[in-house]
Amino acid sequence: MLSALQNPRQAAAQILNFGLILSTAFMMWKGLSVISDSPSPIVVVLSGSMEPAFQRGDLLFLWNRNFMEETKVGEIVVYNVKGKNIPIVHRLVRKFGVGEAAKLLTKGDNNSADDTELYAKGQDYIERKDIIGSVVAYIPFVGYVTILLSEHPWLKTVMLGIMGLVVVLQRE
Amino acid sequence: MAVSQEKISVYSLADLKNTTDDALPVYLNSLGFVQSHTLTDVRLGLGYSAFALCAATFYWDYTYGFDSTKFYTTIAVAVYTILNTALTFWIWGVEKNTVYVGTHKTSGTKIQVQTKTDKFKAVYRVTVITTTKDGKSTTKKVDKAFSGWFDAAGHFVTRPFQQMLATNVELIGQADPKNVVVAAKKEKVDEVEDNRSMDDKWASLLAESSIEDAVTSGTPAKSAKKRGKKA
Amino acid sequence: MHSSLVRLQNVFGFFTTVAFVVAALIAASDLAAPRTPKSNIQVKDVSVLKGRPHYYSNKIEEYAQIRFSLSADLSSLFTWNTKQVFVYVSASWPNSTSVALSNEAVIWDMIITNPSADHLTNLGPSAMKKLKRSAKGKPIDPSRGKLELKNQKPKYSISAPGGKLALTNDVVLKVHYNVQPWVGVLTWTPQVEFLGWKKMRGGVSKVFSLPAVKAKKQPVKKD
Numbered sequence: 001m002l003s004a005l006q007n008p009r010q011a012a013a014q015i016l017n018f019g020l021i022l023s024t025a026f027m028m029w030k031g032l033s034v035i036s037d038s039p040s041p042i043v044v045v046l047s048g049s050m051e052p053a054f055q056r057g058d059l060l061f062l063w064n065r066n067f068m069e070e071t072k073v074g075e076i077v078v079y080n081v082k083g084k085n086i087p088i089v090h091r092l093v094r095k096f097g098v099g100e101a102a103k104l105l106t107k108g109d110n111n112s113a114d115d116t117e118l119y120a121k122g123q124d125y126i127e128r129k130d131i132i133g134s135v136v137a138y139i140p141f142v143g144y145v146t147i148l149l150s151e152h153p154w155l156k157t158v159m160l161g162i163m164g165l166v167v168v169l170q171r172e
Numbered sequence: 001m002a003v004s005q006e007k008i009s010v011y012s013l014a015d016l017k018n019t020t021d022d023a024l025p026v027y028l029n030s031l032g033f034v035q036s037h038t039l040t041d042v043r044l045g046l047g048y049s050a051f052a053l054c055a056a057t058f059y060w061d062y063t064y065g066f067d068s069t070k071f072y073t074t075i076a077v078a079v080y081t082i083l084n085t086a087l088t089f090w091i092w093g094v095e096k097n098t099v100y101v102g103t104h105k106t107s108g109t110k111i112q113v114q115t116k117t118d119k120f121k122a123v124y125r126v127t128v129i130t131t132t133k134d135g136k137s138t139t140k141k142v143d144k145a146f147s148g149w150f151d152a153a154g155h156f157v158t159r160p161f162q163q164m165l166a167t168n169v170e171l172i173g174q175a176d177p178k179n180v181v182v183a184a185k186k187e188k189v190d191e192v193e194d195n196r197s198m199d200d201k202w203a204s205l206l207a208e209s210s211i212e213d214a215v216t217s218g219t220p221a222k223s224a225k226k227r228g229k230k231a
Numbered sequence: 001m002h003s004s005l006v007r008l009q010n011v012f013g014f015f016t017t018v019a020f021v022v023a024a025l026i027a028a029s030d031l032a033a034p035r036t037p038k039s040n041i042q043v044k045d046v047s048v049l050k051g052r053p054h055y056y057s058n059k060i061e062e063y064a065q066i067r068f069s070l071s072a073d074l075s076s077l078f079t080w081n082t083k084q085v086f087v088y089v090s091a092s093w094p095n096s097t098s099v100a101l102s103n104e105a106v107i108w109d110m111i112i113t114n115p116s117a118d119h120l121t122n123l124g125p126s127a128m129k130k131l132k133r134s135a136k137g138k139p140i141d142p143s144r145g146k147l148e149l150k151n152q153k154p155k156y157s158i159s160a161p162g163g164k165l166a167l168t169n170d171v172v173l174k175v176h177y178n179v180q181p182w183v184g185v186l187t188w189t190p191q192v193e194f195l196g197w198k199k200m201r202g203g204v205s206k207v208f209s210l211p212a213v214k215a216k217k218q219p220v221k222k223d
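So the protein sequences, as listed, match chains Z, C and E. 1 is the number of the first residue of the first sequence in the working numbering; add one for each residue after it. 1 is the number of the first residue of the second sequence in the working numbering; add one for each residue after it. 1 is the number of the first residue of the third sequence in the working numbering; add one for each residue after it.
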């Protein structure tokens, strides 16, 4: 197996195999980003604030384009708050005005109060530009892997290591 | 070096094929063929440019964020798709499992060797396309069990492999007449072999390879030395 | 090592493929179930009060309380792939500058779980027991989609960014739903009919106006 690495072309080809798996995964992700116009077209639910609709670890597919109509009340949106780096997925419950300047208010189905408290200091509403997408599709549980990976970072190293070894050492 | 030092699992079809594929250029190059790497180089070129594009996209996306680089990312995704499609086309449509392309030093005849295996069948399926200088091209297909040149422990045995090629492919036979097994009887045995059970095949092949081992260890190590240098 | 790793990879790959195909089929089965929801909403008592957004605030805003009666049949939305149906009633009204209903606020909502998702609801033990008993081992319970609310108090009294809401004209209540599947595409009240999925029959109230502020001053919790 290892003797294959003595031939530079073969070594290059094998490294390329590994590189192409990673890069294709990344470019597919970016392709999805470009199509949905969202920086993060697939997100994993991290909290229980939308229960029972979404549990921790569920996978959500986002869409961030407004073809026919504007983002409207009742949609479940993922938005960013200034100064916080974790996006929040909650339901849009109020909308005042139209277009980019419309004032939007969100609330988690499982929370008793709306999100005013979660917004930045002095901010009462969010705007369309804060939203990175509306939830359009749902797969349960699959994202739990990423929660495990972010809570136990050493798993990442181990997984990447194993993946690399397997692909470099073995030809199909 | 008639028997390889390295041992592979005889149950891994990929290992059997890869080891054999690796031995093929070594043998053909030793016979005066000059290997051409164009096919591989184009594949590597396409692959690495796709990879470089991806790395660049990753860099600007990571540094400047999604929204400000959206336009470039869209183009990069499109170009990446094209490169990857071209790469896939190259591998399936042009390379077609080619493991060796070379031209003979003296005769100028071109040889292209494609190999493949079917799932769950330890048979090496070789297609050799030879094109003479004046453009006459012939295609020869040879299907042979890997057990012909691997012993039970998983060592690659050089001699029977070379004999297999030299006997079945005219061009290789001309370049390496010593390895051509002339006996018509032998060829008949090969044909009959396919109708026998796997166990029978193994038994006879083991017997064969042990004989050949004895033969190779008895002959002077001239050719082996030459090959060893190249490998 | 080599072959066992490959085998493990193959088994895992096969498992993933099968799981995704099954999930896709389940998601696609949504289209086979026709949806024929209907509802009837009537505005009851409407009042506008002055209040503060929260106890420590010194901002005084106008809050509208809209009572309503709702009778709805959403039973066709409950299939084996339904996790929950989120029903909500919104009030919409135009801006002073346009006739389009450019403002919308939810005044009441309700999560109706399919019995298969009852255990995920955020309820106390006794309420949970009651909820689970109501389905009696049925995995799907379309009867939960039948609502009959008389003179219902809104869950949310609404305010507007400027703090002014009294005497607003052309207000209308609308009934909406959002079907949350176990796997697949989330759907809302459709704007166009698609295969067996019909538009909501009814579901829009008569146009009404908000009254002047009630004289009595009384803090209203905005929640």
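Read the hints as simulated data drawn from the structure, not as lab findings. Predicted, not measured: the structure shown is a model, and the values here were computed from it. One thing to keep in mind: the hints can contain errors.
[Unchecked claim] Taking lysine-lysine and the DSS-like style, the derived pairs with C-alpha atoms no more than 30 Å apart in a straight line are:
1) E/Lys129 - E/Lys50
2) Z/Lys121 - E/Lys155
3) E/Lys136 - Z/Lys103
[Unchecked claim] With the Cβ distance kept under 10 Å, some of the chain C side facing chain Z (calculated, not the full set):
4) Pro25
5) Asn29
6) Asp41
7) Leu53
8) Ala78
9) Asp134
10) Glu170
[Stated by the list, open to error] Simulated coverage check for chain Z against chain E, where a stretch passes if three residues somewhere in it have a Cβ under 8 Å from a Cβ of chain E:
11) 72-79
12) 88-98
13) 132-138
We put the beta carbon where it would ideally sit given N, CA and C, even for glycine.
Each hint, compared with the structure:
no. : hint                : in the structure
1   : E/Lys129 - E/Lys50  : violated (40 Å)
2   : Z/Lys121 - E/Lys155 : holds (26 Å)
3   : E/Lys136 - Z/Lys103 : violated (44 Å)
4   : Pro25               : holds (9 Å)
5   : Asn29               : violated (12 Å)
6   : Asp41               : holds (8 Å)
7   : Leu53               : holds (8 Å)
8   : Ala78               : holds (9 Å)
9   : Asp134              : violated (31 Å)
10  : Glu170              : violated (28 Å)
11  : 72-79               : holds (count 5)
12  : 88-98               : holds (count 7)
13  : 132-138             : holds (count 4)
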